[in-house]
Each structure stands twice: as C-alpha cells, then as structure tokens.
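**Student:** Letter by letter, the chains look like this.
2 protein chains.
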Amino acid sequence: MDILKSVDLVKKANIYFDGNVTSRSFVDSNGEDKSLGIMMPGEYNFGTNAAELMEILDGEVEVKLAGSDTWNTYTADTSFDVPANSSFDIKVKTITDYCCSYIK
Amino acid sequence: MDILKSVDLVKKANIYFDGNVTSRSFVDSNGEDKSLGIMMPGEYNFGTNAAELMEILDGEVEVKLAGSDTWNTYTADTSFDVPANSSFDIKVKTITDYCCSYIK
Chain G
1 MDILKSVDLV KKANIYFDGN VTSRSFVDSN GEDKSLGIMM PGEYNFGTNA AELMEILDGE
61 VEVKLAGSDT WNTYTADTSF DVPANSSFDI KVKTITDYCC SYIK
Chain P
1 MDILKSVDLV KKANIYFDGN VTSRSFVDSN GEDKSLGIMM PGEYNFGTNA AELMEILDGE
61 VEVKLAGSDT WNTYTADTSF DVPANSSFDI KVKTITDYCC SYIK
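From first to last, the protein sequence lines are chains G and P. Residue numbers for the first sequence follow my numbering, beginning at 1 and rising by one. Residue numbers for the second sequence follow my numbering, beginning at 1 and rising by one.
Any given hint might turn out to be false.
A pair holds if it fits inside one copy or across any two, identical chains being indistinguishable in the list.
Straight-line C-alpha distance at most 25 Å; calculated SDA-like pairs for lysine to any residue [claimed, not checked]: (1) K91 / G31; (2) K104 / N20; (3) K91 / F17; (4) K11 / P83; (5) K93 / T75; (6) K11 / V27; (7) K11 / E55; (8) K5 / V27; (9) K12 / E55; (10) K11 / A50; (11) K93 / L57; (12) K104 / A66; (13) K11 / T75; (14) K91 / N30; (15) K93 / T73; (16) K11 / K91; (17) K12 / Y74.
Because the hints were derived from the structure by calculation, they are not lab data.
Build the full structure now, drawing on both the sequences and the hints.
**Tutor:** This is the structure we're talking about:
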C-alpha cells in the first residue's frame, strides 16, 4: 500500500462539475503542492495555472492537450504532463483515481 | 482553512457504491485512523467495525442508527457517533463532505 508520509492535508474537499470530480489538496513532505482526486465517467475540461503532472492511479481516461488534435489513453500507473497556463480535455471512461502534482 | 498537519495519507482512494461515496484514509499526527470523504446524493447503509465519529464538513444528511426508528438531520459543523460493530442508514440530501474518525 502506497502511503504518503507526513503530509499537510487540507480538510475540506475541492468539488468540481457538480461532484463528478472531487479532490483533496495537500503539501507533501518535500513541500510540493499535490492533490488526490476522483473523476466519475464523463467529459471535462481543466485549465492549469502551474504545470501539472497527472498520475492515473486507477481507471481509464483519454486526454487531449490544448493545441493538440490527438487523444491519448492513460490507465493505471501511467501519467501525462500539462503545461502551465494551458488546459486539457479529458474523457473519463471508468471511475478514475488520480494524483496531481503542481510543478513549481 | 483547516489543515491537518503531518498525516500519513494512503494514496489510493476508497470507492463505494459505484463511486457515489469515495474517501481517502489517513493516520493523523496523534496516530488516529481517519478518512475524508465525499457522498453524492442518495441513500446508503454503512457497517462499522470500530466506533466512528462522523463530522459533516459541508452538505446535509439524515441518519438513522441501527436499532433506532429516528432520522436525525446533520449539516456542516455537526457530527454524530456510531457504535462499534453496528451500522447506520444515511440519506444524503446534498453533496456531502465528511471526516470519519475511527475510535479505538
């Protein structure tokens, strides 16, 4: 079982798209801003401020980055990068568990 | 903003009722087992092993403990206790954010 040791965890949830996407923000022991979240099946668009590393812990998604015409599929234990000040479209095929790292 | 300092956070989500209830387990800095979760509107039944303290962070639920005929309403900043080795029925009226403490 993968346990993130000694993190500072924000108690209240982040709730998006009427609860179809929810997450918990935390700062890890290296001072990195991250969140753990759940996406229910559906299609969403997310904007970024900082660049993001999206790790898929479980589930299946298709992702199209802003400015691209290509949809790429990601499943458990794969990840994708999103540039800063950009956005991505995501088609969530099955309930998806993810970890997002905000890159300083 | 309420931040839980220095917790050990399990990375993978707990997913119940086809994703309508999801949570993240962690051990707080006092060694207490807890979870932060989200319940989508609907009706659910949960069993308990250890006794539980359920804190409603946001949202509205009605709860009926096993052996009781009474439904009680809980909203943000209220909580209810569930005995060990028992269960409770819950009607989730709005998307509900909660913290569950497992009492040793």
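**Student:** Now look at each hint and say whether the structure bears it out.
**Tutor:** Hints and how they fare:
| no. | hint | result |
| --- | --- | --- |
| 1 | K91 / G31 | neither (31 Å within a copy, 39 Å between copies) |
| 2 | K104 / N20 | neither (27 Å within a copy, 33 Å between copies) |
| 3 | K91 / F17 | both (13 Å within a copy, 21 Å between copies) |
| 4 | K11 / P83 | between (28 Å within a copy, 24 Å between copies) |
| 5 | K93 / T75 | within (10 Å within a copy, 33 Å between copies) |
| 6 | K11 / V27 | both (12 Å within a copy, 13 Å between copies) |
| 7 | K11 / E55 | both (22 Å within a copy, 11 Å between copies) |
| 8 | K5 / V27 | both (11 Å within a copy, 9 Å between copies) |
| 9 | K12 / E55 | both (22 Å within a copy, 11 Å between copies) |
| 10 | K11 / A50 | both (22 Å within a copy, 22 Å between copies) |
| 11 | K93 / L57 | within (14 Å within a copy, 30 Å between copies) |
| 12 | K104 / A66 | within (20 Å within a copy, 49 Å between copies) |
| 13 | K11 / T75 | between (28 Å within a copy, 16 Å between copies) |
| 14 | K91 / N30 | neither (31 Å within a copy, 40 Å between copies) |
| 15 | K93 / T73 | within (10 Å within a copy, 35 Å between copies) |
| 16 | K11 / K91 | between (28 Å within a copy, 22 Å between copies) |
| 17 | K12 / Y74 | between (28 Å within a copy, 17 Å between copies) |
Of the hints listed earlier, those the structure fails to meet are numbers 1, 2, 14, in rising order.
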